[in-house]
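Line by line, the protein sequences give chains A and B. Sequence positions in the first sequence follow my numbering and run 1 to 446. Sequence positions in the second sequence follow my numbering and run 1 to 446.
Hint data in this document are derived by calculation from the structure and do not stem from the laboratory. Among the hints, a few may not be true.
Which copy is meant is left open, so a pair is good if it fits within one copy or across any two.
Claimed, not checked - The list that follows gives simulated cross-link-like pairs (lysine-lysine, DSBU-like), each with its CA atoms no further than 35 Å apart:
(1) 56 - 205
(2) 102 - 120
(3) 362 - 37
(4) 437 - 56
(5) 55 - 382
(6) 55 - 9
(7) 400 - 205
(8) 9 - 260
(9) 205 - 120
(10) 400 - 56
(11) 37 - 260
(12) 102 - 362
(13) 56 - 180
(14) 382 - 362
(15) 55 - 437
(16) 102 - 400
(17) 437 - 205
Number of protein chains: 2
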Amino acid sequence: MTASSDTKKVFRIGMLGFGTVGAGTAQIVLHSRPSLKEKTGIDIQIRRIAVRDMKKHRAVSIDPALFTSDGQAVVDDPEIDIVVEVIGGIEPARTLILRALKNGKAVVTANKALLATHGKELFETALAHGGSIGFEASVCGGIPVIGALRDGLVANRIESIHGILNGTTNYILTRMVEDKVSYAQCLYEAQSKGYAEADPSTDVKGIDAAHKLTLLSNLAFHSIFDFSEVHAEGIDGLALDDVRYASDLGYAVKLLAVAKRRNPGADPEDFPGGLELRVHPALVPFSHPLANVRDVNNAVLIRGDATGEVMLYGRGAGMMPTGSAIVADIMDAARGSARQTFTKLQFFQNPREDMPVIPTDKIRSRYYVRFNVDDRPGVMGKVATVLGGHGVSIASVIQKEPHETGFVPIVMLTHLSVEDRFQAARAEIESLPFVRKPSAFYRVED
Amino acid sequence: MTASSDTKKVFRIGMLGFGTVGAGTAQIVLHSRPSLKEKTGIDIQIRRIAVRDMKKHRAVSIDPALFTSDGQAVVDDPEIDIVVEVIGGIEPARTLILRALKNGKAVVTANKALLATHGKELFETALAHGGSIGFEASVCGGIPVIGALRDGLVANRIESIHGILNGTTNYILTRMVEDKVSYAQCLYEAQSKGYAEADPSTDVKGIDAAHKLTLLSNLAFHSIFDFSEVHAEGIDGLALDDVRYASDLGYAVKLLAVAKRRNPGADPEDFPGGLELRVHPALVPFSHPLANVRDVNNAVLIRGDATGEVMLYGRGAGMMPTGSAIVADIMDAARGSARQTFTKLQFFQNPREDMPVIPTDKIRSRYYVRFNVDDRPGVMGKVATVLGGHGVSIASVIQKEPHETGFVPIVMLTHLSVEDRFQAARAEIESLPFVRKPSAFYRVED
């Protein structure tokens with residue numbers, strides 16, 4: 001059985017999981033079924049919903065007979081065309097999705113962690129069985145960025161992606177930058193408002209954003225990347241002082257997800273061709289479109305060779321935005337378009353020979369760096385000399401008034417440098433007797 | 001012959017016209033054909049190109065044998081699957097497109113003026129013959145906003161669209177707002193840079209933006225609208241003084257295209273249900289995402305009931321961005337997805353009974369208004385009294401120092417009002433003996 005055809009008009013949905021996103025999806029399907037049918041000619045029906053706890057109260061009024069505790073029965077049900085996985089986590093989601101795909105079904109999922117860590121296995125299985133995996137809901141909630149990359153920008157060679165892909169951290173950073181409130185206080189507020197989990201580490205350490213960057217890169221650069229290939233740093237060590245100094249220099253601090261094509265350069269050691277894949281706090285000029293993405297919003301700035309920069313912006317998460325993306329993927333699967341996401345096995349068999357992921361110490365960036373030094377003459381000159389000795393050139397400097405605890409912060413912005421040269425200079429400066437460890441550094445994206 | 005199928009892999013393109021956008025399209029097709037084939041499994045070939053002047057030098061190196069002066073031969077060629085119309089204007093584009101559609105071909109066009117004035121005839125013909133009209137390139141160049149409305153946001157009831165849809169006027173307004181340069185000077189600069197035509201009226205009078213709003217509304221509200229239903233005002237009467245006063249109040253001036261659903265209200269005279277469709281200069285708070293769309297860029301802010309606000313942003317025009325959108329539409333037609341844009345004839349047969357276009361005098365807005373008055377006591381009180389008598393309530397007032405020519409500008413922002421009440425108050429105030437005509441007014445979108 002295939003999940004789609006030009007003639008079939010009724011598509012039956014089996015759901016795995018019924019948490020917040022599942023309930024949002026069901027609510028949209030129940031409410032919008034007539035208008036979806038009118039718009040597209042396709043009728044979608046929820047046939048079964050597998051849940052762990054059959055007794056739990058459900059916010060959406062659904063026929064109780066649809067619920068089952070047997071996920072396998074859902075993916076094996078021959079009447080079901082499209083399986084929507086909203087359990088989250090690796091298992092049992094992975095096993096159930098694989099089984100659904102082997103049964104020829106189309107799968108729609110919001111599970112970025114699973115796709116970013118087991119993408120190769122899952123997409124290969126989909127391709128081998130003529131099925132598909134829709135994952136619009138995995139990245140930036142209701143913002144149709146997967147569709148834009150697959151369809152709208154299909155004629156482009158994608159040069160780079162810069163994304164604010166995590167709403168929790170963007171909320172925290174917005175508060176830190178605009179109101180100069182400490183990280184700890186902002187995190188506490190985000191937790192109180194329900195924007196951050198009790199254990200916020202997946203968000204604040206950049207893991208969630210790295211999962212999403214993995215999925216965007218799959219489409220943008222036509223390969224299947226793994227989460228382990230993304231260099232991820234979080235915002236949990238960010239000091240309010242650095243946010244203040246960045247503001248003084250005209251920059252906001254954002255948790256950026258960056259995927260950037262780099263052509264081979266003149267110096268093969270410094271500039272190997274390939275792809276930079278990284279998530280980290282970064283300084284962004286206040287005039288940059290991404291600097292103005294506030295609160296829990298997400299945005300993705302895509303540079304294509306034909307379009308130039310295109311940005312998509314909106315709410316990156318939540319019950320209804322994510323439900324909207326899942327229903328869009330259901331329609332995409334029903335129309336048969338979802339199968340066209342990854343069409344060739346050679347994407348998997350021929351992994352990026354000409355475009356390897358560039359190791360972190362070879363990425364190329366401008367840097368913000370702050371050294372806390374003793375207040376004595378000649379210090380600035382020595383710091384600058386070490387940077388120069390490593391070939392790192394300084395774009396601007398602020399030396400602040402002595403800090404209340406006695407040291408003087410020296411804040412510098414560098415010109416473009418290769419990461420290992422900058423880090424070698426930083427380490428040497430940290431070892432100078434008048435410098436107090438640790439220094440702080442952040443990459444700058446202009 | 002139908003233009004698409006699941007099995008067909010080679011699609012032949014016939015082009016009508018070969019100006020800037022046509023050359024950009026051809027350049028992308030020639031350059032990206034291998035990668036498009038790898039991504040999608042679909043191979044596209046340019047088979048014929050109809051041009052008016054066979055002798056003209058072409059910027060793209062194309063086999064001269066492909067050129068013909070006979071447009072009809074292109075649309076009648078049985079080997080051609082997809083016709084790309086980039087002639088512009090109404091005729092002969094309309095006749096050729098109708099013939100192509102009747103021949104069962106898929107059509108891709110960047111011709112917003114044609115679709116906004118003859119959409120019903122063209123889309124009906126496409127539907128009747130199993131063909132399609134792709135028009136991503138007609139709105140906002142390479143920004144995939146048509147795709148977003150049709151596919152990514154399919155599960156949403158669209159509540160409103162706010163767009164900056166014309167790059168020329170946005171360039172002029174950016175200069176006026178940021179640099180406080182007069183309209184005439186900005187227009188001259190825009191013409192010198194090639195951003196504005198020698199006859200700029202289509203752009204500066206809001207006609208181009210109204211064409212595009214017509215097309216966006218077709219998809220967002222599932223009907224075929226006509227350009228004549230859009231209320232369009234231009235920026236050509238905008239005084240620098242009003243730009244300055246708006247800035248003082250915290251607002252940028254933008255040429256906004258607005259389509260807004262309004263539910264029936266308690267007062268049937270003031271609040272009939274329906275759709276507001278309007279293009280005019282408007283005050284937008286500096287903190288609003290659209291206020292930060294600068295220079296020739298375009299942006300569309302779409303509010304869906306599930307997603308909330310989603311914004312798409314980028315270059316709205318140009319050879320390569322528009323070419324990118326045309327090639328995306330070619331792939332869409334080749335995959336068969338384009339036929340799913342308008343699937344039901346009842347869109348045309350049952351025109352918006354429940355959602356008429358609201359006449360301009362019944363739209364509801366906040367207003368900016370400036371009266372130039374004689375500098376004498378009691379004037380402010382009289383102006384405010386007239387407004388109050390028409391039920392228009394004042395949100396804020398600035399009375400400026402006397403102008404060098406002797407009068408005093410009174411600038412007011414109102415609360416929400418129905419247009420006819422506001423205009424009646426404005427007319428009455430203009431007739432007061434101490435008021436100098438004309439006053440200036442702009443709508444405010446928050």
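**Study point:** Non-conforming hints, listed in increasing numerical order
**Key:** 4, 5, 10, 12, 13, 15 and 16
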